Every structure is written in C-alpha cells, then in structure tokens.
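For the sequence shown, our numbering assigns the number 121 to the initial residue and increments by one for each residue that follows.
These aren't lab readings, by the way, just hints derived from the structure by calculation. Among the hints, a few may not be true.
Computed cross-link-like contacts, DSSO-like style, restricted to lysine-lysine with a CA-CA straight-line distance of at most 30 angstroms [what the hints assert, rightly or not]:
no. : residue 1 : residue 2
1   : Lys597    : Lys571
2   : Lys531    : Lys479
3   : Lys571    : Lys479
4   : Lys620    : Lys597
5   : Lys358    : Lys306
6   : Lys571    : Lys484
7   : Lys358    : Lys147
For clarity, every value in this text was computed on a predicted model and none was experimentally measured.
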Amino acid sequence: MSQKTTKLAGATRPAPVDGDDWFANPKVDLLSGLVVALALIPEAISFSIIAGVDPKVGLYASFSIAIIIAFAGGRSGMISAATGAMALVIVPLVEEYGVGYLFAATVLAGLLQIGFGYLGVGSLMRFVPRTVMVGFVNALAILIFMAQIPHILLSEGEHASGVLATNLLFIGLGLGIIYGLPRISKAVPSPLAAIVVLGVAAASFGLDLPTVGDMGELPSALPFPHFPDVPVSLETLKIILPFSITLALVGLLESLLTAQLLDDLTDTNSDKNRESRGQGIANIATGFLGGMAGCAMIGQSMINHRSGGRTRLSTLASGVFLLLLIMVLGDLVAQIPMAARVAVMIMVSIGTFNWASIKPQMIKDLPGPETIVMVATVGIVVLTHNLAYGVGVGVLLSAVFFVRHVAHVVKVTSVLDPDNVERLYAVTGELFFASTNDLVHSFDYDAVRVKRVEIDLSNARIWDTSAVVALDAVVAKFAERGIDAHLVGLNRHAEDLHSKTTGKVATGH
C-alpha cells in the first residue's frame, strides 16, 4: 500500500499508520501476538495465585479480554488481560465470600466502566501531567524488573539450589538473542526467537530449570458462559459494589494511562472513552465466562510495541494464540524455561524506563516541583506496588504546586486620576480560594486620601465564592475609612457570580 504523507510546518513526514487498518503489517502483528501470548501464560497464572483462585480463572480472563478488546477497545496494539493490580483488589472478596462473588463483581465492574465511558471519563487524561506520566513509566519499569528477581536468583521453590548458574546463563543468552538478533535480521521478533531457542536448548540437554508449568496447571477445557453462583439480592450488591467500584476505577486508570503511553510512542491518537466502554464489555463477558476482572497490561503492551505490533490484529492474535497454546500445545508450553520469559521482561523493563529523565543535566534543568512530583510518583508506586496510588499522589502534588504558583500571581496596581478625585486600581490574575488572602492585603487602604476608588477587574478572573468574599472584604475595608469603592470591568460570568453571591457568603458562622 502507498504511504500517505502529512505536511507540518513546512516539512513533510510519513503519516502514522492507521491502527484500525487490521492488515497493515499482518506478519509482524501475528508474530508479535505470539510473543505476547507466551509471556501472558505465567503472568496470568501468577495473578490467579495472588487472587487465591484456580489458575484457569486468570487464563480464561486473559484470552477472553484480549480477544474482545481487539474489537471493542479504543487503542490499537494495546494488550488487555488479567492483571496484578486487579488481582490485589479482589483478594479479600475471594477469601471471605468465594469465587462466585468475584465473577459477579467483575460483571458489575464492567457495567460501571461502560457508564464511565459514556460519561466521558477518558477526557480526564488531560489532567495527568507529563511528569506524572514519566514517573508512572519509570515506576512500572522498576516494578517489572523487581518482579523478575525471584526468578533470576531462584529464591523461591525447589529449584533454589544447584541450578542458579545455569539459570543466569540462560537469561544472559536470552538477552543476547533479544538484543543481538535484530542486528542480523528482523524477520522474526527477537523475543520470540529467544523463547524458542532457550526452550529447545533446555529440552535437548534435559536441564532442570524452572518452567512455565511450575507456575500452575494449564486448563484443558474451554469455559462455558454461566451466571455467577450468587444470590440475586440487595445483600449481594452491598458486598460486591465496593469491590466493583475499585476494580472499575483501577482498571480504567491503568488502561487509559497505557493508552496514553502508546499514543506518545506511536505518535497516534486513541479514543479513550471507547476504550473505557470496551474494557467494560470485556469484563462483563469475562465474568460470565468464569474469569477475573482485567484491564490493559502495560508490560505486555510494551512487549507488543517492541515486537512491532501496532494494529488490532496483534491484540486479537495474542488472545487467539493464548487460547491455542493452553488448549492444544499446553504440554509443550509448560516446558518453556522461565529464564526465557525473564529475559523478555528485562528487555521490557530496560526499554520502558525513561533514561533521559534521570540525566543530571535534565534534573538540573527541570523545575524543582516537577522533579518532586516525578520522584514521589515513582516512590509511592514502588513502595505500594500500586500504580493507581502513585498516579493519584502525583496528580495531587501537581495540583498543589499549580495552585501555589497561580495563587501568587495576583497583582494590584494603582494610579491617581489627574483631577485628584479618585484612585484607580487594576487587578490582574486568577482570583480563587488560594489567592484571596494576597488580594485583600494588596490594597494600601490607609494611604488613600480621596473619597472614591475604582477597582478594575478587566484582566482578572473570578473563579469561586472565595473571590467574591475577598472583593466584598476589600470594599468593606475602604468603607470603614469613609471611602466609596466600586468594582468595574467584570465579565459576564464574574458579574453573574458576584451579583448572586455578594453579601450572602462569609467566612464566619
């Protein structure tokens, strides 16, 4: 197909590939989907174990969500499946009430996500600052690497002694293939080549290395739709609603952040509200199929991106190949050494981390508050292992620093009219709860020697009733000194707000 071009500021560059063109590069997308599917199996099993459910619950969720989101989602090339963040939310629910309530909570979470999508929750991504996104990405890279440490050092399980050197050798060999093969040929994604080579080597030499099968038993039958085994009552709703709300919000946060990350990496745009609705549709179907709630997987999405997957075909392929691998080739897949997966995830960790953000010159050039926000985001995520907490703290800190900055940009200047009859004040800046104290104390009340002052607000913006109270206080302070103060230059919004609330709100009781 011919490549379109886009003119921008006098330059001509290739236009981004349309992600809705399923067959823009089918070979690369299919192979990339296979790499993702192989990496999904041990992760889905691990997340099932975290949630306290059978491994098939995570595996059913992973292939059903991946297949459905390929059609219903708003971001092409993004991988969604069972995730650790969602697994952590449902642990108390499963422990106390059982797996039936998990499926019911998953369905309700999906319904909530569809509702959020229609309410336009995707537009809220504009309020996530760049420094929070950088901190989010760096924290993700750190968490991905930290999750591999037990598999690198073999600190868990019966393989912890005797095979450490071989395990490290295989991981090193896998990294060598991943980074070295593209220098020779890009016909096959290097992560897939590493998995195949290490799997064949381990089987040929009969090495006793940890394998994918050691993580848990793979299912041998397809799931069938069924209604969650819970009583249909208000009591059930009271039990699952808090968990469903948390699942819906955490799932959307991770999904929309991942979509934004891929938007930036591919220089394309995605429909965040469609993605929100798509996540909901996928979770509803998954709940009826006996799977746990899921969302976008940042690590797997990065594997897909690094392997060349760009279209919805790569997302669909990951789900279809996952289904085929566990149903048809389960015995073979179970023998793949975990060292191969570790090598792939280390590659993802290295590629995900924003190394430019920690260069001394970059840190020196960044404003102090932005560095604090980035470090705080990373710190909270690493400490809590919860991406939502870190992003929440980062956004909150950014808001605090922003308010603190704009609160101090209110300026009041004055001149005396030529006839020495009145003093003219000009107010500029944003007038809201954080800037009102500066506003009240910016007038030289006792220095005024005329009987009338005019306060021009043409270049100021009144945002809330705190600003109205402050302006009333300024007028009152002049009145106490026998000076008649008048407000002029109010725009329509400010005049409407002021006329409705002046004299009706106060700081006292």
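Evaluation of the provided hints:
1. Lys597 <-> Lys571: holds, 13 angstroms
2. Lys531 <-> Lys479: Given pair Lys531, Lys479 is violated - Cα atoms ~37 angstroms apart, limit 30 angstroms.
3. Lys571 <-> Lys479: violated, 60 angstroms
4. Lys620 <-> Lys597: holds, 21 angstroms
5. Lys358 <-> Lys306: violated, 54 angstroms
6. Lys571 <-> Lys484: violated, 52 angstroms
7. Lys358 <-> Lys147: violated, 48 angstroms
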